[in-house]
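Protein chains: 2
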Amino acid sequence: MEFRVNKNCFHQALSAVGHAISLKTTASILSGIKIVANDNHLLIIGSNSDIIIEKAIPGMIDGVRVLEVNDKGSVVLPAKYLRDIIYKLSDDIHVKLNANHSVTIKSAEIVTDLNGLNSGEYPDLPLLDDAVTIEVRSEEFLEIVKQTAFAVSNSESRPVLAGVNMTFRDNVLSCVATNSHRLASSELSLETKVTGSFIVPSKSLNEWTKLMNEGEDIVHIIISKSYIGFKSNHISLFSRLIEGSYPNVMGLLPKDPKTVIAVDTDQLIKGIDRACLFARGGRNNNVHLEIVDCTKLRISSNSTECGKIEEYQTIKSIKGEGEVSITLNGYFLMDALKVIKEKEVKLSISGAVKPVLIEPGNGAASHFHLISPVRSS
Amino acid sequence: MEFRVNKNCFHQALSAVGHAISLKTTASILSGIKIVANDNHLLIIGSNSDIIIEKAIPGMIDGVRVLEVNDKGSVVLPAKYLRDIIYKLSDDIHVKLNANHSVTIKSAEIVTDLNGLNSGEYPDLPLLDDAVTIEVRSEEFLEIVKQTAFAVSNSESRPVLAGVNMTFRDNVLSCVATNSHRLASSELSLETKVTGSFIVPSKSLNEWTKLMNEGEDIVHIIISKSYIGFKSNHISLFSRLIEGSYPNVMGLLPKDPKTVIAVDTDQLIKGIDRACLFARGGRNNNVHLEIVDCTKLRISSNSTECGKIEEYQTIKSIKGEGEVSITLNGYFLMDALKVIKEKEVKLSISGAVKPVLIEPGNGAASHFHLISPVRSS
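Chains as they are written, first to last, in the UniProt record's numbering: chain B, 1 to 377; chain Z, 1 to 377.
Hints in this document: simulated from the structure, not taken from any laboratory. As the structure is a computational prediction, the values presented were derived from the model and not from experiment. Please note: incorrect hints may appear among the correct ones.
Said to hold, decoys possible - In silico EDC-like links for lysine to aspartate or glutamate, alpha-carbon gap of 16 Å or less:
| # | chain 1 | residue 1 | chain 2 | residue 2 |
| --- | --- | --- | --- | --- |
| 1 | B | K338 | B | D266 |
| 2 | B | K308 | Z | D84 |
| 3 | B | K308 | Z | E109 |
| 4 | B | K193 | B | E135 |
| 5 | Z | K7 | Z | E109 |
| 6 | B | K341 | B | D264 |
| 7 | Z | K270 | B | D84 |
| 8 | Z | K88 | B | D266 |
| 9 | Z | K7 | Z | D92 |
| 10 | Z | K80 | B | E305 |
| 11 | B | K270 | Z | D91 |
| 12 | Z | K88 | B | D273 |
| 13 | B | K88 | Z | D273 |
| 14 | Z | K88 | B | E310 |
| 15 | B | K270 | Z | E109 |
| 16 | B | K80 | Z | E305 |
| 17 | Z | K225 | Z | E243 |
| 18 | Z | K7 | Z | D91 |
| 19 | Z | K270 | B | D91 |
| 20 | B | K88 | Z | D266 |
| 21 | B | K308 | Z | D113 |
| 22 | Z | K106 | B | E310 |
| 23 | B | K88 | Z | E310 |
| 24 | B | K80 | B | D113 |
| 25 | Z | K338 | Z | E143 |
| 26 | B | K146 | B | E187 |
| 27 | B | K106 | B | D91 |
| 28 | Z | K106 | Z | D92 |
| 29 | B | K343 | B | D266 |
| 30 | B | K270 | Z | D84 |
| 31 | Z | K270 | B | E109 |
| 32 | B | K296 | B | D264 |
| 33 | Z | K308 | B | E109 |
| 34 | Z | K296 | B | E109 |
| 35 | B | K296 | Z | E109 |
| 36 | Z | K308 | B | D113 |
| 37 | Z | K308 | B | D84 |
| 38 | B | K106 | Z | E310 |
| 39 | Z | K72 | Z | D39 |
Isolated chain B (complex conformation) (with noise of 0.2 Å):
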């Protein structure tokens, strides 16, 4: 294997695939990066047990050319002395497999031999022989990713409900997450005649936002019997899917709220976030929401120990009963407001026990979140 190859191009590629490279890996391997130079481009691949990342350089870029392969060959080098390195030469890197898997890496006046491992022992990529694939405008997939992947659970006691639940049917993609206390869900029309429901880890989907830059356009999404993949351009990120059945959680949306309010959105951060300061102490971070007069919201928070916070913000729409207070989780309703972009939001509240539908104010969403109450004491 020999090859020479652009500096920032090497250097960008590396760092991309390090996303999936865990440092606590006990296979020394899997700390390892794999680099497989072919006829006409190198492939970069960083990979847990879980994720893998795979990058390509081809051999011109916009015109120019930054990539060379003299020799074809691979071998797996240590991910966090690679990438280190390579970020402190200069332009042109020249690199050469020696025998016992060392390289050489020459850039300028620098000579650099770093110990390798044999590229056969690097796990293979999944075989993707059963897969379909469906395309998708890239903008409008990180857009559902982040309506929706904050919201699965932390805990290890169900793994279904770490994962984002994605259904494709009659050209319409619905990705639910839930923890069981909160629900986030958004839909997303497109064309494909595929049908099913996979649960994808929502790491592996953060991971994949991460990865793009705003000018990608189009993802290819992979999806086989075990695994789903991602792939952009030069980029691609392969994730098992988790094994077990989602839980059926439509049932859960409130059908006749006893009140519907419309808030500004950027207020109700805001107030939130002030509550959340003294709520952070307690148990589930309790803030209080009531409605006085059928105009105006009432923030609250307290905490035995620091003191407490309230504030009045005006209520902008009112439908239904207009004496109501509730209890929350307030950085759960963090949560779901940051990704609410329009002015207005809209809170749907039918009773103290019951969940809080909370939706953009516009009335057209295509995205909901559902958070229930914490009991008062």
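Following the hints, position chain Z against chain B.
Same frame as chain B, but now just chain Z:
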């Protein structure tokens, strides 16, 4: 106690004095910030057992009223809560002390009650009756601190080495710091009749540099029996001095070096930085320097586990013997090089087991650095 204050001024003051507050303190009064409202200014005070920071907020800043005191008084409030809540409020902040040392903070429609403590329990500022004061140009003082404070010892076995030895004599301030493997020394001319030598904790000096903005002209250094204070405009820092006698280190300066070379400072920093990548596994971060053919400096390091690196840099001038090699702790060398602003750096080598002298290359050095070699295995 009752006052109105501009949010930004208040928050900035709380952040500044917050530097002195340790969250790990066992004395709950020291996890608080003391606020004293006087007729025409606020004093905001934070402290741990070693450092006290005091910031004053005057009534007017640049012709704009930022403070109005209605009622004098004082209280101690929990630092973290107070800073967080003030940060999340709007411009105009109204603070009023209630019974039981709680305060009510109002800002627009937001009302907060914060539980505080009796300010009478807060430790007094150090008595500075016998103090002398020295004026130094702030920028020059920060420079001399930056050139030396990094070199102190982190070990607790010799407490005096955790401080910078500041000596005033014959209108010169000299600062020396060492961890017994490396030493940094710098001098500054000033006008003072004070003569004496003091050991100042490097932590206190570092905190002071963080508090200083570029705009400050003069720093007043106040020295009493067991305290040193720094004062500039509206901010003061008081620090306990370290007791004990500082070792005499000036005898370590090499008198007749075998070889003196000059190299490009920036290039050398980059080369040592690269070599450190492979040195960090070892016990002493061994980086090898070798003069080759009187014209090249070979920089190298190796790790049996990971690999090795070597590079050659151009020697700009050389005096004395042409065949020299030495092994240094790469991080110590980097630290010294980083405070050298000059384009060229001079290394004076007296042999493989004697300290290397590192100085700015222009010869008019007010500061120098010594690093003891590592004995090569």
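K80(B) paired with E305(Z) [C-alpha distance capped at 16 Å]
Between K80(B) and E305(Z) the Cα gap is close to 13 Å, so the pair holds against 16 Å.
Pair hint outcome, K88(Z) versus D273(B) [Cα-Cα no greater than 16 Å]
Given pair K88(Z), D273(B) holds - Cα atoms ~8 Å apart, limit 16 Å.
Hey, K270(B) versus D84(Z), does the alpha-carbon distance stay inside 16 Å?
Cα-Cα ~13 Å, so holds.
Pairwise hint evaluation, D84(B) against K270(Z), where the allowed Cα distance is 16 Å at most
holds (13 Å)
Hinted pair K146(B) and E187(B), Cα distance within 16 Å:
Measuring from Cα to Cα gives roughly 12 Å; hence the hint holds.
Holds or violated: are the alpha carbons of K296(B) and E109(Z) at most 16 Å from each other?
holds (11 Å)
Would you mind confirming whether the straight-line C-alpha gap from K225(Z) to E243(Z) stays at or under 16 Å?
holds (10 Å)
If you draw a straight line from the CA of K106(B) to the CA of E310(Z), is it 16 Å or shorter?
holds (10 Å)
Given hint D266(B) paired with K343(B) - CA-CA distance at most 16 Å
Between K343(B) and D266(B) the Cα gap is close to 7 Å, so the pair holds against 16 Å.
Hey, K296(B) versus D264(B), does the alpha-carbon distance stay inside 16 Å?
Given that 16 Å is the threshold and the Cα spacing comes to 12 Å, the pair holds.
Check whether the Cα positions of K80(B) and D113(B) lie no farther apart than 16 Å.
Measuring from Cα to Cα gives roughly 15 Å; hence the hint holds.
For K80(Z) and E305(B), compute the direct alpha-carbon distance and say whether it is at most 16 Å.
holds (13 Å)
In summary, this structure violates none of the numbered hints.
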